[in-house]
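So the sequence lines, in the order shown, correspond to chains U and G.
The opening position of the first sequence corresponds to residue 11 in the numbering used here, with each subsequent residue numbered one higher.
The opening position of the second sequence corresponds to residue 9 in the numbering used here, with each subsequent residue numbered one higher.
Keep in mind that the hints were calculated from the coordinates and are not lab data.
If you're wondering where the values come from, they're calculated on a predicted model, not measured in any experiment.
The C-beta atom is built at its ideal place from N, Cα and C for all residues, glycine as well.
A couple of the hints might just be wrong.
Unchecked claim - Chain U residues, not near chain G, derived (Cβ > 12 Å throughout): (1) K25; (2) D28; (3) S37; (4) E54; (5) N62; (6) P71; (7) S76; (8) E78; (9) Q93; (10) V99; (11) L101; (12) T111; (13) R121; (14) L125.
Claimed, not checked - Computed list of lysine-lysine pairs in DSS-like fashion (alpha-carbon distance at most 27 Å, straight line): (15) K30/G with K79/G; (16) K66/G with K116/G; (17) K50/G with K116/G; (18) K45/G with K79/G; (19) K65/G with K67/U; (20) K30/G with K66/G; (21) K65/G with K21/U; (22) K76/G with K50/G; (23) K65/G with K76/G; (24) K65/G with K79/G; (25) K67/U with K27/U; (26) K67/U with K106/G; (27) K50/G with K25/U; (28) K45/G with K106/G; (29) K106/G with K50/G; (30) K21/U with K76/G; (31) K65/G with K116/G; (32) K27/U with K50/G.
Unchecked claim - A few chain U positions that, by computed beta-carbon distances, are all more than 10 Å from chain G: (33) A12; (34) V14; (35) Q16; (36) E24; (37) Q51; (38) K67; (39) G82; (40) Q90.
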Amino acid sequence: GAGVSQSPSNKVTEKGKDVELRCDPISGHTALYWYRQSLGQGLEFLIYFQGNSAPDKSGLPSDRFSAERTGGSVSTLTIQRTQQEDSAVYLCASSLAGGRTDTQYFGPGTRLTVL
Amino acid sequence: GENVEQHPSTLSVQEGDSAVIKCTYSDSASNYFPWYKQELGKGPQLIIDIRSNVGEKKDQRIAVTLNKTAKHFSLHITETQPEDSAVYFCAAVSGTYKYIFGTGTRLKVLA
Chain U
11 GAGVSQSPSN KVTEKGKDVE LRCDPISGHT ALYWYRQSLG QGLEFLIYFQ
61 GNSAPDKSGL PSDRFSAERT GGSVSTLTIQ RTQQEDSAVY LCASSLAGGR
111 TDTQYFGPGT RLTVL
Chain G
9 GENVEQHPST LSVQEGDSAV IKCTYSDSAS NYFPWYKQEL GKGPQLIIDI
59 RSNVGEKKDQ RIAVTLNKTA KHFSLHITET QPEDSAVYFC AAVSGTYKYI
109 FGTGTRLKVL A
């Protein structure tokens, strides 16, 4: 596709349920990133993929958060046993190769609301 | 750890006036500084970027300046228009890929 796409655009769930968020990066981009944006806040780095590997998971807030990437393309961010503090916009970005000066292109985000 | 401070958090200007947003970074090894614009309900979109070997870059009504000695960089928008209203984020890139974002500036252009 022309840009990074994410689904769903909105997700409302009950506390304790698991959710999966999907990201389709720009075709040919080997690097993929997940960020979290809480209301009125900046972007918090969660995880970085280079191909199917995740060399940096340092931003994942707890072991309830996990992510995978298959075929060097689509990525899924999974949050288990959701908590109200997980409510935020989850943004995915991709870049060509993950280099220092590579531009990251963002998707529209998934707004997660945990009731 | 690495940190980027961004000011102001909110900025209101009259249409046609200029707007300036400033960022300060902590990691002297940073050498790439993108600026993103985020409209309501959308993801951040790159509007301009600058690399450390350049002191200034301009693209129509927007410009970015970089002072590596002081570790400051700024976004300048001239002749502001209502469609410039959005949240703007600066970032500094440390290491091989990690973007460190500022906390954002909500710009309101008053018609």
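Numbered hints the structure breaks, given as an ascending list
4, 10, 11, 12, 13, 19, 21, 22, 30, 34, 35 and 37
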